[in-house]
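Colleague: Chains B and P, in that order, are what the protein sequence lines are. Take the first sequence: its position 43, counted from the start at 1, is 43 in the UniProt record's numbering, and no numbers get skipped. Take the second sequence: its position 297, counted from the start at 1, is 297 in the UniProt record's numbering, and no numbers get skipped.
There may be inaccurate statements among the hints.
Each pair may be met inside one copy or between any two copies, as identical chains are not told apart.
Unchecked claim - Below, a list of computed lysine to any residue pairs in the SDA-like style, where the Cα atoms sit at most 20 Å apart:
hint, residue 1, residue 2
1, K257, P238
2, K230, P163
3, K100, P63
4, K257, Q241
5, K230, P134
6, K257, P244
7, K257, R245
8, K230, A137
9, K230, L138
10, K123, E91
11, K230, M263
12, K141, N232
13, K79, Q180
14, K230, D303
15, K281, D243
16, K230, T136
17, K79, P27
18, K123, E260
19, K141, R234
20, K79, S60
21, K123, A102
22, K230, E176
Bear in mind the hints are in silico, worked out from the structure with no lab data behind them.
The lines below spell out each chain.
Protein chains: 2
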Amino acid sequence: MTTRPAETSRQTLDRLWARGCALLGTPTAIMGGAMSWVSERHLVAAISNAGGFGVLACGSMGPDLLAAEIDATQALTDKPFGVNLITLHPELDALMDVCKQARVGHVVLAGGLPSGPAIRRLKDGGARVLCFAPATALARKLIKSGVDGLIIEGTEAGGHIGPVSTSVLAQEILPEVAEQVPVFVAGGIGRGEAIVSYLEMGAAGVQLGTHFVCATESIAHANFKAAFIKANARDAMPTVQVDPRFPVIPVRALRNKGTELFMQTQRDVIARFQAGEMDQKTAQLEIEHFWAGALRRAVIDGDVENGSLMAGQSVGLVREEQPTRVIIDTLIAQAEAALTQRAGGAPHPVPIADPVP
Amino acid sequence: MTTRPAETSRQTLDRLWARGCALLGTPTAIMGGAMSWVSERHLVAAISNAGGFGVLACGSMGPDLLAAEIDATQALTDKPFGVNLITLHPELDALMDVCKQARVGHVVLAGGLPSGPAIRRLKDGGARVLCFAPATALARKLIKSGVDGLIIEGTEAGGHIGPVSTSVLAQEILPEVAEQVPVFVAGGIGRGEAIVSYLEMGAAGVQLGTHFVCATESIAHANFKAAFIKANARDAMPTVQVDPRFPVIPVRALRNKGTELFMQTQRDVIARFQAGEMDQKTAQLEIEHFWAGALRRAVIDGDVENGSLMAGQSVGLVREEQPTRVIIDTLIAQAEAALTQRAGGAPHPVPIADPVP
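With the rest of the complex left out, here is chain B (with noise of 0.2 Å):
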């Protein structure tokens, strides 16, 4: 067996996530989660200038309002930074055209197993691919269909979540496809020591959400950013579905007053059904519309009781708020402390200072 050459643990960082970095352009392959209301042009432009890779969150904007916003983001950076677009937008087509037209790099398709056809065209029009795969099964077909590189999002992430934890699809994923395309790995991750746990396993890189919430340059409202503050993990919770015959999206945010009142609102609508009161199709509407306008209230109205809190379980590590660049910072000398060890052979970690009293 051959010993780890003499390199820096920074050295040791960037050999691991090489892959990474060279797809995206970046220094870093750290990501910015693309998140509604949040991820706008301030903060996706401070994650790029400190290095990360931010990543526009188009959420339902039209194509004027996304050429507006990706125009305003490249007036607030020179770095290389992507735009999420969700798959079941009904004006995907003209998205991509507005992308393809600012020469956005990079395109997240998410929401949905994207179509070879949208991928191509993406491609065709110049930019990288990256797209979510939820089983091992779907990576490989989206590898077939051309992606540049994949993103594996566990259960713990904020927002829309799949149920399968980040530990267990990092497991499942990284060993059968880490080697055909660069993957980056979400959900969950809050220190750099798990980003290079992750990079040993084999990702090319990391996607962090939650953790960028309460970074200065967010625009989200100072209520939004005190309960991540105040919150715990287990604050962080999923939203539950009562009835299986009326499905409920699963969306992980804070518990708050607004996620004991759709757990009510699920119960009074379906017993007004069952009452035949309503029918099956104006009942799972009624309780679709409840979350409606929801996250714009939370984090630009600050209305954190009745708002959607949507938040990660990395929530708990989120302490205070702070530059972008010193999250990133952090997060980089926490993984090459990380390293320093295992290279020196301690015999187990020494705790890192937190980056917060």
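Given chain B, put chain P in place with the hints provided.
Modeller: Chain P in isolation, oriented as in the chain B frame:
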């Protein structure tokens, strides 16, 4: 920075889990998770004989049954093994005395925060005591109470679960307490790479449950094993509570007719409560009673339709029945391969051949 001394991957692994091995008295720091009905004499002895650390699940046993089971296990192995006791068991004191009389070396206290006196009583009796720490503050409290080791178990585990994922718990708790006592990480572990990751983050060892259910030596019914081999990670889901007034203890199990019927039962009971047909306590008891005997029906009788198929998300990595020794040797081979790749400076891990076709 110093470079890693030239040691074999097995030497590195042995260094990484040395504290765990020393605490358990075993050549590997792989603990078997205590699973009611499954973790009985045969599987526990097989794990210990293969170099791991089997743990008897006392579950609902009384003192006499436990004494007989310990005796039978000692007849099958001369290696160290432990006993898992539920702190809420009405005969806890008598059960602890049984462990003392049988000279059980290690007791794992589960199911609620154990009292300082209970921990002292076990230690005074000569046993080493391990406890589950669901959060950093509780880990610190347990260390003050004198525990010899901690287990942090993420929500992707099988059976009774907490809300926070393994990787998030590891990031939160390991940097704070791993210096003070050996910490074992549990939940969703099914490959050697994950073992290495947690060890390098500061863990002293790991605990796996689900991964041993399909061991040749496991007495679980053939139907139960077949369900595990067929299942994907996303099939192992927590029980759903439909009403905040009627608490349901979260249990992760494979979805089947029983889990569907459980939601229906909750809705029916709650409707009867709301109609004034039963009081809240009766309703709560009826909900709690639903799963009585369900685990035994699944594990022993093989009723995989109506029984409780408690399983962690690593069930997706279980693909065939194998001797316990092969399971442990495969995990170690994967861990060694991961360490070899890291030391060799390969740009990213080569997929490791699965132990199964």
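Colleague: Hint by hint, note whether the structure agrees.
Modeller: Hints, one by one, checked against the model:
no.: 1; hint: K257 with P238; result: within (14 Å within a copy, 23 Å between copies)
no.: 2; hint: K230 with P163; result: between (26 Å within a copy, 18 Å between copies)
no.: 3; hint: K100 with P63; result: within (12 Å within a copy, 72 Å between copies)
no.: 4; hint: K257 with Q241; result: both (16 Å within a copy, 17 Å between copies)
no.: 5; hint: K230 with P134; result: between (31 Å within a copy, 18 Å between copies)
no.: 6; hint: K257 with P244; result: between (23 Å within a copy, 12 Å between copies)
no.: 7; hint: K257 with R245; result: between (24 Å within a copy, 15 Å between copies)
no.: 8; hint: K230 with A137; result: between (39 Å within a copy, 15 Å between copies)
no.: 9; hint: K230 with L138; result: between (37 Å within a copy, 18 Å between copies)
no.: 10; hint: K123 with E91; result: within (18 Å within a copy, 67 Å between copies)
no.: 11; hint: K230 with M263; result: neither (24 Å within a copy, 33 Å between copies)
no.: 12; hint: K141 with N232; result: between (37 Å within a copy, 18 Å between copies)
no.: 13; hint: K79 with Q180; result: neither (26 Å within a copy, 44 Å between copies)
no.: 14; hint: K230 with D303; result: within (15 Å within a copy, 45 Å between copies)
no.: 15; hint: K281 with D243; result: within (14 Å within a copy, 23 Å between copies)
no.: 16; hint: K230 with T136; result: between (36 Å within a copy, 16 Å between copies)
no.: 17; hint: K79 with P27; result: within (10 Å within a copy, 51 Å between copies)
no.: 18; hint: K123 with E260; result: neither (44 Å within a copy, 44 Å between copies)
no.: 19; hint: K141 with R234; result: between (34 Å within a copy, 19 Å between copies)
no.: 20; hint: K79 with S60; result: neither (25 Å within a copy, 61 Å between copies)
no.: 21; hint: K123 with A102; result: within (14 Å within a copy, 68 Å between copies)
no.: 22; hint: K230 with E176; result: between (39 Å within a copy, 19 Å between copies)
The structure shown violates the earlier hints numbered 11, 13, 18 and 20.
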